[in-house]
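Using the hints provided, position chain B relative to the given structure of chain A.
Each chain, written out:
Protein chains: 2
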Amino acid sequence: MYFNFACSYTYKFIMGLLAIAATSNFHVTLASPYYGAKGTKFGGVPMNLGGLKSKKLSSGYMQVKIKAQQAPSKINGTIVTTSIREDLVSRQNFSIKSYEIDADRKISIQALMNYFQETVIHHYKANRFHCDDFGSTPEMLKQNLICVTIRMKVVIYQYPTWGDDVQVETWISASGKIGLRMNWHLVDCKTGEILVRASSVCVMMNKLTRRVSKIPDEVRRELEPQFLSPLNLDDRKDLPRLHHNAADYISNSFSPRWSDLDVNQHVNNVKYIEWILESVPLSIMESHELSSMTLEYKRECGKKNKLQSLIAISSADEDGCNLGHNNGHLIECNHLLQLEDGVEIMRGKTEWRPKLVHNFDIMNLVM
Amino acid sequence: MYFNFACSYTYKFIMGLLAIAATSNFHVTLASPYYGAKGTKFGGVPMNLGGLKSKKLSSGYMQVKIKAQQAPSKINGTIVTTSIREDLVSRQNFSIKSYEIDADRKISIQALMNYFQETVIHHYKANRFHCDDFGSTPEMLKQNLICVTIRMKVVIYQYPTWGDDVQVETWISASGKIGLRMNWHLVDCKTGEILVRASSVCVMMNKLTRRVSKIPDEVRRELEPQFLSPLNLDDRKDLPRLHHNAADYISNSFSPRWSDLDVNQHVNNVKYIEWILESVPLSIMESHELSSMTLEYKRECGKKNKLQSLIAISSADEDGCNLGHNNGHLIECNHLLQLEDGVEIMRGKTEWRPKLVHNFDIMNLVM
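If you read the protein sequences in the order shown, they are chains A and B.
Just so it is clear: in the first sequence, position 360 is 360 by UniProt numbering, and no numbers are missing.
Just so it is clear: in the second sequence, position 152 is 152 by UniProt numbering, and no numbers are missing.
All clues given are correct.
The list makes no distinction among identical chains, and a pair is therefore deemed to hold if it is satisfied within one copy or across any two copies.
Mimicking DSS-like on lysine-lysine, the simulated pairs with C-alpha atoms at most 30 Å apart in a straight line are:
id, residue 1, residue 2
1, Lys142, Lys298
2, Lys349, Lys97
3, Lys303, Lys271
4, Lys271, Lys349
None of these hints come from the bench; they were simulated from the model.
This structure is a prediction, so every number in the text was calculated from the model and none was measured.
Here chain A stands alone, though its shape is the one from the complex:
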């Protein structure tokens, strides 16, 4: 994730525009009809897996044919419909591997984020944007622009486990007039149930000056034909900054490692998530599972930076009453990843629900 706010005024300006955009008709609810960037209305085609005939290609990607009648998708058994054009959605299948699970045998957050990243890159390459390997359109390349994530929300209804076949669906939307929104569903291939929903907001950044900007009209024209209705995951409210004296735990300073760097010698944004999750006490990891995560990326991080991770933990009952940190209830954590001198790298909020079963049996592994 490449992000750097050389100018805080620019940041406030961009965030202000995004806040205005939140009230516009680009942000519609999950079941609403699709309005294109120019207000064109498309028919409501429910998006699901149950009604699709798919053919596996050697690359592991899917060719999708739409049947006239499609079974609706479900979240926790409740039917949901999205109103989007099937041909503008990319799908990629994953079979969850032994090395993609955590100590509970469920998919790790890192693997989940990796699936999302891989599917977006595939979407950019596959959808007539004429992008390069990293998802830059010809006009972006011409103007030295890259697309950077500034906000992300992930909602996990149910965790798939080792050996499960899942499909990640992704599509892009406008985020007001200045940003782009990536949307993801992670679907259980067997049941068609949506297990995870996620959405992120991206803006443009000049890769030489590292300044952010709105999407230039030329780039917008390249992307606009692919815009679909966005997921609404209630992620538009700014997270409060976690201050030093409100933190329950502050990590020792640490530096990025070689394995944390991407091809640009910067820290990949999946690593930021690992770092904030590491600050969560083991006792919470053992008794609870992550149910949602909201992230605000503030600044890119290089190999020479020294970081600190701050966390404040609170607990709430079903009605949201704060109960302190308690094993049997929902837990909410506020996070801050910052440089040693206090410059913010990322704000985060994570929500945790009690695990149904503790899976601490002795298992046997060959390696």
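Okay, now just chain B, sitting in the frame of chain A:
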């Protein structure tokens, strides 16, 4: 990786037997004919990809048909042949993902080790051992035994990169009368060239007493029909212990994180490798690439352990003369992973060759 030497005498006994085994006819060179555990001789069928007709299954695994004439495999352009029965080799295809590469766009060591782990588990499940999910045979389950790695060597001739399709071939061998040997080739699907070879030695451990033992006759009878000739990667000499005063760098103490634990609440052995590689200075990571790695696992590590990583660095020219740490030459590192009280967890030796190209260009990534 589950490993614990409750009794150092047992360890010395086992290692002694393995050393004797190294001189037996179970350890044959790469091009030698196969001798089964009972001396049965099979015909020499060269193992390769070029001459195979393969069909991709929905699971991502391969069904392999053998042609009468097979093109030989190559390492760095040189033809090599192995004399093994094709039907006892498992193969699994991987397309290298955006999140499985390092800052040079080449496959990460972690991804490589993950591929090996996944393929071994598949091999155990697929090859009529009637194993459970984690590779225990019925007799192992009955006797409360698990299979633990005590030694591993990986030789990397060439790194595949993002988007490359590779195939991992794996098969098992005897390691003397007391151990098992896993063998791997990582093959470029396009050229049939062997890019990586690896081999590990495993013994049995009682999962209740945590004591190691030789393979009981009942378990050996279950596995023996699958034994093929082992790779000989010259990995049978014990590594010397790196002592505190000989170390160039000693890390601060660190603890395993939640994401480092496997389903048994122990640290997975791939994490040990990450930890020793983290101790290698960034300047070496930038100028050199890992060419080989030898590991000796001494003890399992749990979530409450505090560890230290020690490294000693030396450099040698092509003839092996020590030159100090120098960018233009081969570099050799000795590693030790230990508990704070000095108890050994893993010894390691890594060898590094200069990179041909430094790939530090600014690239664009969506996330």
